[in-house]
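S.K.: One-letter residues, chain by chain:
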Amino acid sequence: MPKLELTLRVNGQNHLVELPANITLLDALRDYLYYYEVKSGCEKGNCGACTVLMDGEAVNACLVLAAQAEGHDIVTVVGLGTQEEPHPLQEAYADLGAAQCGFCIPGMIVASAALLAEKPQPSRAEIRQYLAGNLCRCTGYQKAIDAVELVSQQKPVAEPS
Amino acid sequence: MLTPLKIIGKGVRRTDALIKSTGEVAYAADWEMPRMLHLKLLRSPHPSARIVKLNSQPALAIPGVVTVMTAADLPQREVQADIPGQTGTKAHRLGEAPVLAEKVVRYKGEPVAIIAAERLDIAEKALAAIEVEYEELPAVTHPLEALKRGAPIVAGTDNIIQTHRIVKGDIEAGFAQADHIIEHTYTSQHIDHAYLEPEAGVAWLDSNGVLNLRISTQVVEHFRSIAKTLGLPESKVRVMGTLVGGGFGGKEDMTVELFLALAALKTRRPVKLVFTREESVQFSTKRHPYIIKHTYGVTKDGLLTAAKVNLISDAGAYSYLSPWVLLYSTGTAVGPYRIPHVEVNAKSVATNNVVASAFRGFGSYQTAIAYEAQMDEVAKTLNMDPLELREKNYLHPGDTTAFGQVIEGEVWLPQTARTAMEALGEPAPAKPGKKIGRGLASTMTSYGRITWFHDTSEAWVGVELDGSVVIRTGVPDVGAGQVSALCQIAAEVLGVDMDNISIHATDSAVTPLAGTTTATRQLLMSGNATKLASEKVRSVLLGLAAKELDLEADDLDLQDGQVYTKEGPEHLMSLADLAKKAAAQGVPRSYLEMYRAPFSDPIDPETGQGHIWPDFTFGSTAVEVEIDEETGEIRVLKAVGCHDVGRAINMAAVEGQIEGSLAMGIGAALMEDLAGKNGHPQALSFAEYLLPTAGDLPELQAIVLESESGKGPFGAKGIGEPALNSVVPAIANAIHNAIGVRISDPPFTAEKIVRHIRQGTK
Numbered sequence: 000m001p002k003l004e005l006t007l008r009v010n011g012q013n014h015l016v017e018l019p020a021n022i023t024l025l026d027a028l029r030d031y032l033y034y035y036e037v038k039s040g041c042e043k044g045n046c047g048a049c050t051v052l053m054d055g056e057a058v059n060a061c062l063v064l065a066a067q068a069e070g071h072d073i074v075t076v077v078g079l080g081t082q083e084e085p086h087p088l089q090e091a092y093a094d095l096g097a098a099q100c101g102f103c104i105p106g107m108i109v110a111s112a113a114l115l116a117e118k119p120q121p122s123r124a125e126i127r128q129y130l131a132g133n134l135c136r137c138t139g140y141q142k143a144i145d146a147v148e149l150v151s152q153q154k155p156v157a158e159p160s
Numbered sequence: 000m001l002t003p004l005k006i007i008g009k010g011v012r013r014t015d016a017l018i019k020s021t022g023e024v025a026y027a028a029d030w031e032m033p034r035m036l037h038l039k040l041l042r043s044p045h046p047s048a049r050i051v052k053l054n055s056q057p058a059l060a061i062p063g064v065v066t067v068m069t070a071a072d073l074p075q076r077e078v079q080a081d082i083p084g085q086t087g088t089k090a091h092r093l094g095e096a097p098v099l100a101e102k103v104v105r106y107k108g109e110p111v112a113i114i115a116a117e118r119l120d121i122a123e124k125a126l127a128a129i130e131v132e133y134e135e136l137p138a139v140t141h142p143l144e145a146l147k148r149g150a151p152i153v154a155g156t157d158n159i160i161q162t163h164r165i166v167k168g169d170i171e172a173g174f175a176q177a178d179h180i181i182e183h184t185y186t187s188q189h190i191d192h193a194y195l196e197p198e199a200g201v202a203w204l205d206s207n208g209v210l211n212l213r214i215s216t217q218v219v220e221h222f223r224s225i226a227k228t229l230g231l232p233e234s235k236v237r238v239m240g241t242l243v244g245g246g247f248g249g250k251e252d253m254t255v256e257l258f259l260a261l262a263a264l265k266t267r268r269p270v271k272l273v274f275t276r277e278e279s280v281q282f283s284t285k286r287h288p289y290i291i292k293h294t295y296g297v298t299k300d301g302l303l304t305a306a307k308v309n310l311i312s313d314a315g316a317y318s319y320l321s322p323w324v325l326l327y328s329t330g331t332a333v334g335p336y337r338i339p340h341v342e343v344n345a346k347s348v349a350t351n352n353v354v355a356s357a358f359r360g361f362g363s364y365q366t367a368i369a370y371e372a373q374m375d376e377v378a379k380t381l382n383m384d385p386l387e388l389r390e391k392n393y394l395h396p397g398d399t400t401a402f403g404q405v406i407e408g409e410v411w412l413p414q415t416a417r418t419a420m421e422a423l424g425e426p427a428p429a430k431p432g433k434k435i436g437r438g439l440a441s442t443m444t445s446y447g448r449i450t451w452f453h454d455t456s457e458a459w460v461g462v463e464l465d466g467s468v469v470i471r472t473g474v475p476d477v478g479a480g481q482v483s484a485l486c487q488i489a490a491e492v493l494g495v496d497m498d499n500i501s502i503h504a505t506d507s508a509v510t511p512l513a514g515t516t517t518a519t520r521q522l523l524m525s526g527n528a529t530k531l532a533s534e535k536v537r538s539v540l541l542g543l544a545a546k547e548l549d550l551e552a553d554d555l556d557l558q559d560g561q562v563y564t565k566e567g568p569e570h571l572m573s574l575a576d577l578a579k580k581a582a583a584q585g586v587p588r589s590y591l592e593m594y595r596a597p598f599s600d601p602i603d604p605e606t607g608q609g610h611i612w613p614d615f616t617f618g619s620t621a622v623e624v625e626i627d628e629e630t631g632e633i634r635v636l637k638a639v640g641c642h643d644v645g646r647a648i649n650m651a652a653v654e655g656q657i658e659g660s661l662a663m664g665i666g667a668a669l670m671e672d673l674a675g676k677n678g679h680p681q682a683l684s685f686a687e688y689l690l691p692t693a694g695d696l697p698e699l700q701a702i703v704l705e706s707e708s709g710k711g712p713f714g715a716k717g718i719g720e721p722a723l724n725s726v727v728p729a730i731a732n733a734i735h736n737a738i739g740v741r742i743s744d745p746p747f748t749a750e751k752i753v754r755h756i757r758q759g760t761k
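Listed in order, the protein sequences are those of chains Z and C. For the first sequence, position 151 matches number 150 in numbering that gives the first Met the number 0, and the numbering has no gaps at all. For the second sequence, position 519 matches number 518 in numbering that gives the first Met the number 0, and the numbering has no gaps at all.
Because the hints were derived from the structure by calculation, they are not lab data. Check each hint, because a few of them may be wrong.
Straight-line C-alpha distance at most 25 Å; calculated BS3-like pairs for lysine-lysine [what the hints assert, rightly or not]:
{"id": "1", "chain 1": "Z", "residue 1": "2", "chain 2": "C", "residue 2": "124"}
{"id": "2", "chain 1": "C", "residue 1": "676", "chain 2": "Z", "residue 2": "43"}
{"id": "3", "chain 1": "Z", "residue 1": "43", "chain 2": "C", "residue 2": "124"}
{"id": "4", "chain 1": "C", "residue 1": "710", "chain 2": "C", "residue 2": "9"}
{"id": "5", "chain 1": "C", "residue 1": "676", "chain 2": "C", "residue 2": "434"}
{"id": "6", "chain 1": "C", "residue 1": "579", "chain 2": "C", "residue 2": "535"}
To give an idea of the interface, some chain C residues facing chain Z are shown, with a C-beta separation under 8 Å as derived from the structure [stated by the list, open to error]:
{"id": "7", "residue": "26"}
{"id": "8", "residue": "195"}
{"id": "9", "residue": "237"}
Computed footprint of chain Z on chain C; a stretch qualifies when at least three of its residues, placed anywhere within it, have a C-beta under 8 Å from a C-beta of chain Z [stated by the list, open to error]:
{"id": "10", "region": "381 to 392"}
{"id": "11", "region": "668 to 676"}
Glycine included, every Cβ here is placed at the ideal spot set by N, Cα and C.
Looking at chain Z on its own, in the form it has when it is part of the complex (with noise of 0.2 Å):
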């Protein structure tokens, strides 16, 4: 497999990394740059567990392919927060006790954060479709619903335009 040199940039760190050219961008971040944080549950876009923001847009990074990822910028959960400085969305998710194993949730905290950006106010209807693409087998998503509806609701209204 011909390999390929890449800048990578995640979590606003640039990476220069050599990869063969057909890696996921789901294996580059694990195997290669050590994002453990991205989780892999299924490698074919059917769990969700390796969601990442991709120029803010929520991506299965196993449905992506590490070169098509050059140019943009990549962020996990770690770069949304960390537990010095958690991001809303974690805090909520921690004090709901929305996390039960804990192996889906990077993932869907990555796509609430997307959801939250795209529509800061969602119906409780809507998270649940937004989060529709990211199994979990623990908890029935019932306490992740109400994490996001949460920091919805802390969330300040938007100025009028």
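With chain Z's structure known, arrange chain C on it following the hints.
M.R.: Using the frame of chain Z, we list chain C on its own:
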């Protein structure tokens, strides 16, 4: 009114909550070591075949391939597939399975060879290079076929892995007293655990010559089986559990362990193995399909007089935990009801299907599908309200079950059933072409292991010199908040904040063994062990404080990291100062305590009478469904789980178990099916094996009742498995209520529903 407590019962933020939200947990696959090799397994493409030729030389010739191991390379060919855990006794026949197939393969996906290579892509390429030829043999893939004379033999001499039996009273006399006899046959399907984290781990040899495995497991005590299989002393194998990305029973048996162990020993290098989703869905253990013929005798007034149940489970190719799953089914075959005359006959049968083993509910899930549908069938026959019928027959405290065990705690079945039904509120209005239906189901589910396993758990609790608290215990946390609950218990007893407690868990080398995170046992077992150890530390330290302050220890209390008198609000000494004084005077600041579950002798094998479990959790699920009469499309509109958990330790975590159970049950009822065809699963991945998404589910309502009558800490019972069992039968009963048709073979897909509507089966 509950006994007031400071932190127990609150929905506090779990100790693992924030790190899971920030993605900073290192799960089993999130681990890398220098010079690490990657493993792949060569698996059988056939459900039944003879291995005619197996040549790994072409694979070994590929640059980067380090070794290929087959059955010929194994120090010990078979592994004990038996009760895991601290007892380690081999207690049933046919309890062994080969690590790698030798001569024959008995199910599709059975491992045949291990490849270790410098890179994963090289290992994948090497899979195709191994020369293997099979001669296909006849496969038997239905348990009733496997029981026929002349069937291909998969296990033993007759494919029967285990039988169990209950005989109570006089079954013929019981049916003679009945005015109605209601008999139906129910079946259930292969279900995948479908944890989001596939099976994974890394293994290496350390400088002490100890084989280390860092893996996703519900059972660190498997280090004993690993040692036995490899011919090593138990002291030379260490299992470090990670935070588990979902277990549900699927990580109770060994998964990646032996392949990692063999390859690490042979190559003397760190090795990593992660199953693909396809391997996990098709080849890892599954929930047993059952065939249940269920017969109730009932008087015209609605009193059950007799129950006769025949159970057959499809164990797949190897025994694993099938005998014990079958025992759970046998004990729960007639549900939470008073029935004077009972006969249960149960068989677990080997086939060339994927191996079935532990799965949340552990055999008591399948029986509920039958006995709760039967209750509604009885109600229909008598033209009686299903809840009223249940209330006439529910067990009461002090009653004796079908297997002879006396119910010691409260039985809040009427409360859970009524509360769940009332919570459904007003029925949704039926839209044109749609039917609305409601269903109820109640269950009793054990928590804690079989009492003749003589289950124990140990926990170590200590206070550091700055007043912070450390817990050490070998509890694997599978995501239900097992570890956080232990911190809450220590926080309650020792009067410190959750933030001031650290817990070291799940390491067979350095944490006291606490047993498996299975059987809804950890809160009962390790919760009590942690409470005992915390109380011992508290008592010794308060004894010292009393001496120092010239007061009575009984008058002192610990709160907010300070010693108080129970009367006054003024604190007398900090816990840190007390710990320093203890250290200076040689007074212990830490204790290791063991909790022993109730012990019993085994049940009588002829009659099934005796004592099987420490105690039971009782609860009910109520649902409302909407069915499109034209297309059969079904939606669950409302779902309520109401359970008596004895005492909630973490309210949010308890609700989470109930909500997650409602979702898992809805998936099992409506969409999930491995759909094996002649031993070949038709669901290959999450593209075909459908799980409920947020878009498929209604709002899920968890209602927690607390009788304080459990055997766990502070009167707690277990909830992990009990919350699931009533969901599928409640949905079946709601479908029946909506369209007047009894469908007895989940999943209740639109195709199946519309076919039944057209056929008009009653």
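S.K.: Are the hints correct? Go through all of them and say.
M.R.: Evaluated hints:
1. Between residue 2 of chain Z and residue 124 of chain C the alpha-carbon distance is near 18 Å, which keeps this suggested pair within the 25 Å criterion.
2. With a C-alpha separation of about 24 Å, the suggested pairing of residue 676 of chain C with residue 43 of chain Z holds against the 25 Å cut-off.
3. Distance restraint check for residue 43 of chain Z and residue 124 of chain C: the Cα-Cα separation of roughly 20 Å lies within the 25 Å cut-off, and the hinted pair is therefore satisfied.
4. In summary, the hint linking residue 710 of chain C to residue 9 of chain C is supported, as the alpha carbons are separated by about 20 Å, within the 25 Å threshold.
5. Pair hint residue 676 of chain C plus residue 434 of chain C does not hold up; C-alpha atoms about 33 Å apart against a cutoff of 25 Å.
6. Annotation: proposed proximity of residue 579 of chain C to residue 535 of chain C holds, straight-line Cα distance about 17 Å (limit 25 Å).
7. With its C-beta approaching chain Z no nearer than about 7 Å, residue 26 of chain C sits inside the 8 Å limit, and its interface hint holds.
8. Hint status for residue 195 of chain C: holds, given a least beta-carbon distance of 4 Å to chain Z, under 8 Å.
9. Annotation: residue 237 of chain C was flagged as interfacial toward chain Z, and the flag is violated, the nearest CB pair being 23 Å apart, outside 8 Å.
10. Evaluation of the coverage hint for the region 381 to 392 of chain C: breached, as 0 residues show C-beta separations to chain Z shorter than 8 Å, against a requirement of three.
11. Residue count for the region 668 to 676 of chain C with a Cβ under 8 Å from a Cβ of chain Z: 0. That is fewer than the three needed, and the coverage hint is violated.
Of the numbered hints stated above, those contradicted by the structure are hints 5, 9, 10 and 11, listed in ascending order.
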